[in-house]
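In the order they appear, the protein sequences are chains P and Z. Going left to right, the first sequence walks through residues 1 to 117 as the numbering used here numbers them. Going left to right, the second sequence walks through residues 1 to 117 as the numbering used here numbers them.
Because the hints were derived from the structure by calculation, they are not lab data. Take the hints with a grain of salt, since some may be wrong.
Restraint-style ranges between C-beta atoms, simulated for each label pair [stated by the list, open to error]:
no., chain 1, residue 1, chain 2, residue 2, range
1, Z, Gly102, P, Pro9, 47 to 57 Å
2, Z, Gly16, P, Ser12, 18 to 28 Å
3, P, Ile18, Z, Thr15, 20 to 30 Å
4, Z, Gly102, P, Ser10, 23 to 33 Å
5, P, Gly60, Z, Ala110, 20 to 30 Å
6, P, Gly83, Z, Gly102, 42 to 52 Å
By construction, the Cβ of each residue, glycine as well, lies at the ideal position given by its N, Cα and C atoms.
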Amino acid sequence: DQQVKQNSPSLSVQEGRISILNCDYTNSMFDYFLWYKKYPAEGPTFLISISSIKDKNEDGRFTVFLNKSAKHLSLHIVPSQPGDSAVYFCAASGPIGSGAGSYQLTFGKGTKLSVIP
Amino acid sequence: NAGVTQTPKFQVLKTGQSMTLQCAQDMNHNSMYWYRQDPGMGLRLIYYSASEGTTDKGEVPNGYNVSRLNKREFSLRLESAAPSQTSVYFCASSEARNRGTGANVLTFGAGSRLTVL
Numbered sequence: 001d002q003q004v005k006q007n008s009p010s011l012s013v014q015e016g017r018i019s020i021l022n023c024d025y026t027n028s029m030f031d032y033f034l035w036y037k038k039y040p041a042e043g044p045t046f047l048i049s050i051s052s053i054k055d056k057n058e059d060g061r062f063t064v065f066l067n068k069s070a071k072h073l074s075l076h077i078v079p080s081q082p083g084d085s086a087v088y089f090c091a092a093s094g095p096i097g098s099g100a101g102s103y104q105l106t107f108g109k110g111t112k113l114s115v116i117p
Numbered sequence: 001n002a003g004v005t006q007t008p009k010f011q012v013l014k015t016g017q018s019m020t021l022q023c024a025q026d027m028n029h030n031s032m033y034w035y036r037q038d039p040g041m042g043l044r045l046i047y048y049s050a051s052e053g054t055t056d057k058g059e060v061p062n063g064y065n066v067s068r069l070n071k072r073e074f075s076l077r078l079e080s081a082a083p084s085q086t087s088v089y090f091c092a093s094s095e096a097r098n099r100g101t102g103a104n105v106l107t108f109g110a111g112s113r114l115t116v117l
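In isolation and in its complexed conformation, chain P is listed as follows (with noise of 0.2 Å):
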């Protein structure tokens, strides 16, 4: 039972074009969304986040848009660039376990984003 889903495993963008990752999610307890990159043979780094409570959160090029209604939310790249070449994970952050307050994160699969040159 994939609790974050992303259905799309890849996608290819000209450069300076914008690029749109998907991420839908199924628990309603989830109270933060994170965006996470990952380049070939390194860890994944963060990248955006945004609260359950907001609808949109921009930093730079990156804007992360959060419908929670439809449980969906997308992360806008404007305008791409090669460098942003690299698999994209959704992230959900939520209680887990029998600890009180205990959060862990929940990820999707990953999106490999290509910017072509």
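Following the hints, put chain Z in place on chain P, whose structure we already have.
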């Protein structure tokens, strides 16, 4: 600025052998995690330690044990390796996250690639 350091980076084992993956962080984080990444599966949580002295199972704990040696170090042990444990393992750390605080942003190590023959 070491962040999260994992050793070894690569390891080849035979079925039934045991080994320990080491992880250390220098950011004074309370929480530490072990994830595995498999093709098409994203990042799956194996075990986590919300604070020094505590450990809990994640999504895929079978075949693994962990030790939170102190606040800095969190090791993952495979007692009897199986081919299904061939994977890339990531250690991560974060500030503890409780209800009312912001998203728990994880900092990841570079990964340990394990092959079990």
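Here is what the structure says about each hint:
1. Z:Gly102 with P:Pro9: 47 to 57 Å: Cβ of Gly102 of chain Z to Cβ of Pro9 of chain P: about 30 Å, so the range 47 to 57 Å is violated.
2. Z:Gly16 with P:Ser12: 18 to 28 Å: Given about 43 Å between the Cβ atoms, the range is violated.
3. P:Ile18 with Z:Thr15: 20 to 30 Å: Because 48 Å falls outside the window, the suggested range is violated.
4. Z:Gly102 with P:Ser10: 23 to 33 Å: 31 Å, holds
5. P:Gly60 with Z:Ala110: 20 to 30 Å: Check passed, 25 Å falls within 20 to 30 Å.
6. P:Gly83 with Z:Gly102: 42 to 52 Å: With a Cβ separation near 27 Å, Gly83 of chain P and Gly102 of chain Z fall outside 42 to 52 Å, so the hint is violated.
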